[in-house]
Amino acid sequence: MGGSSRLKLLLDTHIWLWTLQDPKRLGRRVLQHLKDDANELWLSPISTWEALTLHFKGRIEIEEDLNGWVERATAGTHEAPLTHEIALVARQLSMHQDPADRILAATAEVLDLTLVTADERLLGLGTIRTLANR
Numbered sequence: 001m002g003g004s005s006r007l008k009l010l011l012d013t014h015i016w017l018w019t020l021q022d023p024k025r026l027g028r029r030v031l032q033h034l035k036d037d038a039n040e041l042w043l044s045p046i047s048t049w050e051a052l053t054l055h056f057k058g059r060i061e062i063e064e065d066l067n068g069w070v071e072r073a074t075a076g077t078h079e080a081p082l083t084h085e086i087a088l089v090a091r092q093l094s095m096h097q098d099p100a101d102r103i104l105a106a107t108a109e110v111l112d113l114t115l116v117t118a119d120e121r122l123l124g125l126g127t128i129r130t131l132a133n134r
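Numbered according to this note's numbering, the sequence shown spans residues 1 to 134.
Nothing false has been slipped in among the hints.
Simulated DEER-style distance windows between Cβ atoms:
id : residue 1 : residue 2 : range
1  : Trp-49    : Glu-85    : 16 to 24 Å
2  : Glu-61    : Ala-38    : 29 to 37 Å
3  : Arg-6     : Arg-91    : 28 to 36 Å
Derived from the structure by calculation, the hints contain no laboratory data.
Predicted, not measured: the structure shown is a model, and the values here were computed from it.
No residue lacks a Cβ here, since even glycine has one placed at the ideal position from N, Cα and C.
With the hints as constraints, model all of the structure from the sequences given.
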C-alpha cells in the first residue's frame, strides 16, 4: 500500500483471534492494513484475558501451553498499557456494559489508536476511530 500513512491499529479480540485461527473471516481491506509493514499493530492485555477465558469455556482451542501460545500469538504487536486513565475513560463511555469492549474503546481513545473490529456496537460508538471488518 505504497504512500499510505502509518496507522496504529488496536485489534479487537475477535479480529486478533481470526488472524491466528480463521483468517478467511477478515475482509480484504482489513487484511491489507494488517499486512502493511508501515502500520503498527496493538493489542490490549484484556484481549489475552478474553482469549484465555474463551479457551477455558471451550469456545476456542489452544493446543499448546498457554504461556507459549500467548508469546507466539502476541508476537509482532505492541502491548497497549492498561492504565488508570483508561479505566476511568472506560467507565465514562456511553455504551453497553461489556467491560472488555469498554476497555478496548477507552484504550483506542486514550492512546489515539484505530480500533479494528466487526462489532457494530463499537463501530457505531462515534467517539473513536474504527476500521470495520466488512
